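**Q** Taken in order, these protein sequences are the chains called Y, D, B and G. All you need for the numbering used here is the position in the first sequence, starting with 1, plus 18. All you need for the numbering used here is the position in the second sequence, starting with 1, plus 18. All you need for the numbering used here is the position in the third sequence, starting with 1, plus 18. All you need for the numbering used here is the position in the fourth sequence, starting with 1, plus 18.
No lab work stands behind these hints, which were simulated from the structure alone. Small disclaimer: the values here were computed from a predicted structure and weren't measured. We put the CB at the ideal spot given by N, CA and C, even for glycine. A hint or two may mislead.
[To be verified] Example chain D residues on the side facing chain Y (calculated, C-beta under 8 Å, incomplete):
| no. | residue |
| --- | --- |
| 1 | L20 |
| 2 | L27 |
| 3 | V45 |
| 4 | R47 |
| 5 | R52 |
| 6 | A58 |
| 7 | V60 |
| 8 | V76 |
| 9 | I95 |
| 10 | N99 |
| 11 | S105 |
There are 4 protein chains.
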Amino acid sequence: MLERIGISLEDDLLAQFDRLIDEKGYVNRSEAIRDLIRDALVQREWSRASGTEERVAVVALVYDHDASSLAQKLAHIQHENHKAVVSALHVHMDPHNCLEVLVLRGRAREVISMGEGLVSTKGVKFGRLLPATTGQALR
Amino acid sequence: MLERIGISLEDDLLAQFDRLIDEKGYVNRSEAIRDLIRDALVQREWSRASGTEERVAVVALVYDHDASSLAQKLAHIQHENHKAVVSALHVHMDPHNCLEVLVLRGRAREVISMGEGLVSTKGVKFGRLLPATTGQALR
Amino acid sequence: MLERIGISLEDDLLAQFDRLIDEKGYVNRSEAIRDLIRDALVQREWSRASGTEERVAVVALVYDHDASSLAQKLAHIQHENHKAVVSALHVHMDPHNCLEVLVLRGRAREVISMGEGLVSTKGVKFGRLLPATTGQALR
Amino acid sequence: MLERIGISLEDDLLAQFDRLIDEKGYVNRSEAIRDLIRDALVQREWSRASGTEERVAVVALVYDHDASSLAQKLAHIQHENHKAVVSALHVHMDPHNCLEVLVLRGRAREVISMGEGLVSTKGVKFGRLLPATTGQALR
């Protein structure tokens, strides 16, 4: 059953949103917002997995390797549960900045807690926890 | 200036959304939807960069390496513009499934077009293009 | 107890070897050859490990990803024993050539047999199996 | 033209060497020693490249990430010449030990000097500089 709700937002934001949904080919705002909500729910579903299910995640971090003890903090978080870190790809962006991409695999609780811990470490300039999959359940 | 719009959605979806915004501590639906819209705009802004700006992206792909010529197609896409692929991390999930995480860096147009091409290749079970950054403009 | 043996070699090769040992600061040919022999023995010792000991190895492969079904053959060898492949780093050297660096970890027998299988696959232009270590026994 | 030289070595070492060349199927000691010498010359040839030729190398390092400032020293060496480090694959071996595999590409002088600097950093338990290739000159 459809319900109708009202939401308020800045006219600027609305104008930009209208351009976006036009570009993406949505027929109306409701459809576009439903898609945004569904994506948010999928992401939340993933991160609420019961603690012992297997989960795979990709974590991307950008940070300054010179920043006082930051690299060491990130290494500590990873080693605390080193079996959940399949491996990490490290790219030197410039003389200071690093992009580190980690593949995590393990119990949901451990993967999510490590991923969120890394992303939220003070000093990390950019951090994302991307839910992934082993592919076993797909198709 | 605030505008008010009406959107319609399934009652089920609405109920789940209400639980989500409650968990996340939003004070009302409008604020939560504004955040979803802002995230979507950031992502679109990134992918609309003028063609020659530098962009960094992380691409995650899950696929079956046995799938007829899929791995070869993915390798072709990467080599067509090999300078934009910094490197790729490959993890064997099980006897069939692979997770491949690529770091792309180059002109916006090339990075986005390669990323979208990889993610949308037929047979890829799971694909995500995650906008990232060199970190230079941050802080 | 010291033994003395005679070996014969091309005068060219001998001249180059003499320059090499001079550069490296060896006091005589015997010492230099003993070192070469020791290295070869260490490598053989490693690869003769009883089948169930844990071993770590780094494998480097350079190949043309267009070469008929070569990439697929290499992927098959890896997936046959996917748990021994921690992960692989893939770098696109140019439009055709790839450098793939794999970290293998598992039972000696499996790690060595997979490593040697990959290195000796027909079409691989450059292949090396580098014995490594977990570091646990060191220091 | 063949020359004949005499070398002296411990009887133990000779006995092990004789077993090794027997296993490997060499017809005599001279042939086996010539192969060891050729390998050493190839390695030296590679590392004596004129300073501006392009070189590719794989560096493998095992170290304890807790060791006082070691990880930071290794990061500094890499960032000093960050363009020569294509990327690094990092594997957590256990709560303390890391295996880091780097792909270096750049001017011979820079690649070799960085590779040797990393391998010889105090505290690195295991370090190897493996000369590799772009594959362009092969076949």
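**Q** For every hint, state whether the structure bears it out.
**A** Consistency of the hints with the structure:
{"no.": "1", "hint": "L20", "result": "5 Å, holds"}
{"no.": "2", "hint": "L27", "result": "5 Å, holds"}
{"no.": "3", "hint": "V45", "result": "13 Å, violated"}
{"no.": "4", "hint": "R47", "result": "6 Å, holds"}
{"no.": "5", "hint": "R52", "result": "5 Å, holds"}
{"no.": "6", "hint": "A58", "result": "6 Å, holds"}
{"no.": "7", "hint": "V60", "result": "11 Å, violated"}
{"no.": "8", "hint": "V76", "result": "5 Å, holds"}
{"no.": "9", "hint": "I95", "result": "19 Å, violated"}
{"no.": "10", "hint": "N99", "result": "17 Å, violated"}
{"no.": "11", "hint": "S105", "result": "7 Å, holds"}
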